[in-house]
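> These are the residues of each chain, in order.
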Amino acid sequence: MTTRNLITLSIVMALFAFALIALFYPLWGREAMRLGLDLQGGLHIVYRADLSSVPEDEQAYVMEGVKEVIDNRINPYGVTEPVLQIQGKDRIVLQLPGIKITDKDKERLSRVALLEFGELAADGEEARWESELGRWKPATGIINGEEKTLTSRYFRENTFIRMSPESGLELVFEWDNEGSKLSKEITGRLKGERLGIFEGDEPLRGEDGRHIAPVVQEVITERGIITGLSRIDADTLSKQLNAGRLPVSLEIIYDQTVSPILGADFIDMSVKAGIIGIILVMLFMMAYYRVSGFLACLALIFYGVIVLAVFKLWPVTLTLAGLGGFILSIGMAVDANVLIFERMKEEVRTGRTLGAAIEAGFNRAWNAIRDSNITTFIVCIILFWVGNSIVGGAAVKGFAVTLGIGVAVSMFSAIVVTRTLLRLFVGGPLSKRTQLFSVWLSKRNV
Amino acid sequence: MFDIVGKRFRFFLISGAVILIGIISMPFGLKTGIEFSSGSLLTVDFEQEVKQGELKAALADLGYDNVIIQRTGAGDYLIRTEELSTEDKKALKAGLEARFGKLTEPEFSSVSPMIATETVRTAVIAVAVAAVGILLYVTWAFRRMPRPIHYGTCAIIALAHDALVALGVFSILGGILNWQVNMMFITGILAVIGYSVNNTVVIFDRIRENLRLDISVDFETVVNNSLVETLGCSVNTSLTTLVVVLALLFFVGATIQNLVAVLIIGIIAGTFSSICIAPTLLVVWDKREWRRFISWLPIPAARPRR
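Keeping their order, the protein sequence lines are chains A and B.
For the first sequence, this note's numbering assigns the number 1458 to the initial residue and increments by one for each residue that follows.
For the second sequence, this note's numbering assigns the number 58 to the initial residue and increments by one for each residue that follows.
Hints listed in this document are in silico derivations from the structure and should not be mistaken for laboratory results.
Every residue, glycine too, gets a C-beta built ideally from N, C-alpha and C.
Be a bit skeptical, because a hint or two may be false.
Unchecked claim - Facing chain A, a subset of chain B residues (Cβ under 8 Å, in silico):
no., residue
1, I191
2, M240
3, I250
4, V258
5, T297
6, A304
This is chain A alone, in the form it adopts within the complex:
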């Protein structure tokens, strides 16, 4: 029995040491806790694209294009882990964690996609865009005496990519009537020079961050070809050009914007709440259950470290509600210990030795502990499903995940860890002094 107990104890200690290492050193590339949007600030938007003007069979393709356009717009922010996904038929989810977003940024991100073509501005001329290739002004031509800018609106059909034996990958596009006239005039003038592509105020950039500005090889009237693009660039550019052909407006149907400062405040407050909560629980347990309570506190520390390590290694995205769930689970973690200790007290009063009382206490409390935790698990599973299925459900999901993990680990820590620690006292000099275990034999009848 004692050797088995020592083995369990060493396993518990090893687990604890491992969890501590995992918390302070990066393991498996996990550098730090992953924080949700409400804790590090940032933007979570869901767009609904108005596809009413788009034929049914082209909708999926147009959505890809819109997504590529938004991708180009978020590039300048340098967000490390952006989320950009098409959801369902007409929704796009965009998450930019960790940055401050102003109303102006939001307008820029949400406007209709339109690609414009530009030519290099001469010195002293007014420029509309700037890139590493120079200063640019819109490429314009005169049609019926009116000056017009060349944009993606003039595409006749969707652009496509093909392989040609001579020049490799080619991106093919066709202009409609008005576009042909414009293009003829502009490319005739710009032969041998670059034609820059722009989206809003930004130069359109390829996968490697370079501004996409192909050199005009010949005069383009109806059909033009862009060569020299990488596979990914050609694919992206093709989608973007197509998104600009059938302009789709984006409606914000869900918006959550949190300033990073507020997020930092939340973390600060949660840590304070957690520490104060733990200290109060520990004081209570030690005051009420004495030595057993102290051992429960050790188990609680074990519990906290293991849970945080699981959060980091999983990794669990921590939200404010998630931290709330964790802190709540601290309070619930000692519940199992309370059940066991109360049972032990009764067993000692009926005249059992400490060793026998420990075993009886754990065995008889087990049913109640199991039953009561299962109901919490049922609720966690349901909340997890809710968090996954609603828009903006990160908070609910975070609460479900942290509470669920917390309850699971707490069962282990309350049962295995506390029991192992308690068994160390069995047969020792302290085990006869039952008042240390909060049992006063004289008060037999309560």
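Once you have looked at the hints, place chain B on chain A.
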């Protein structure tokens, strides 16, 4: 030795009164948040001190008559309006800045009616599934009891009691403090349901054990003894949980305020119901005590024959 079971009708009266007041207050107190009824929630932090009344007047001046304003612990204002576009919001902020000086916007969220409808649907399904799931589990957990349906039903009544008390007290407090029912509130209610059944399970477990030990022929005495034996357990488990939730209440801001409030009310209600409602109902059922009330009925019924 405490006699808890003997005071059962007093407990029923207290619970009934709290629930009744709560239900009466609901039409005035319960307001749905933007997640369920769509709209925008803008948090503003003014550099200067601005009074709530001034803010309300300024908003009405800007054309926002129907706003709900709530002050947070940090001194920020939460302004709830109809759904605001980015342009509307810029205009609103400019209007406020013109009146009250510089402001910052720590948080903004906006939900369209389409998303709100989806969220309501999901929340309704979740509450229903949770109720059924726990009902099934509790019935299963007490399958070896002498009368499993009694135990299952009383546990469920206690759960319904906790949910109703939480809803009612939230409605009363929310009516005063402008709290709104949102997804965090639903999360709190479900967490309370999952948690508060725990104590009931512990007490029922002890009743089962004492019945086997045959400590008394009188069911009422068995229940009361079981209650007293587990009293330390019930109170202490709730206390430890309540302590950490209180710590959350004092330190963590408005975002999870609803969750924390519901948890506090629910834990207290749950402890009360698991000690004073669920086991005492078992006794009422065992003794068929409703006859005491129903037995009045024949008297007025006999009147016409006079």
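> It remains to establish, for every hint, whether it holds in the given structure.
Hint check results:
1. I191: With Cβ-Cβ at 6 Å, under 8 Å, it holds.
2. M240: holds (6 Å)
3. I250: With a closest approach of 6 Å, the B/I250 hint holds.
4. V258: holds (5 Å)
5. T297: holds (5 Å)
6. A304: For B/A304, the interface hint holds, since the closest Cβ of chain A sits about 4 Å away, which is under 8 Å.
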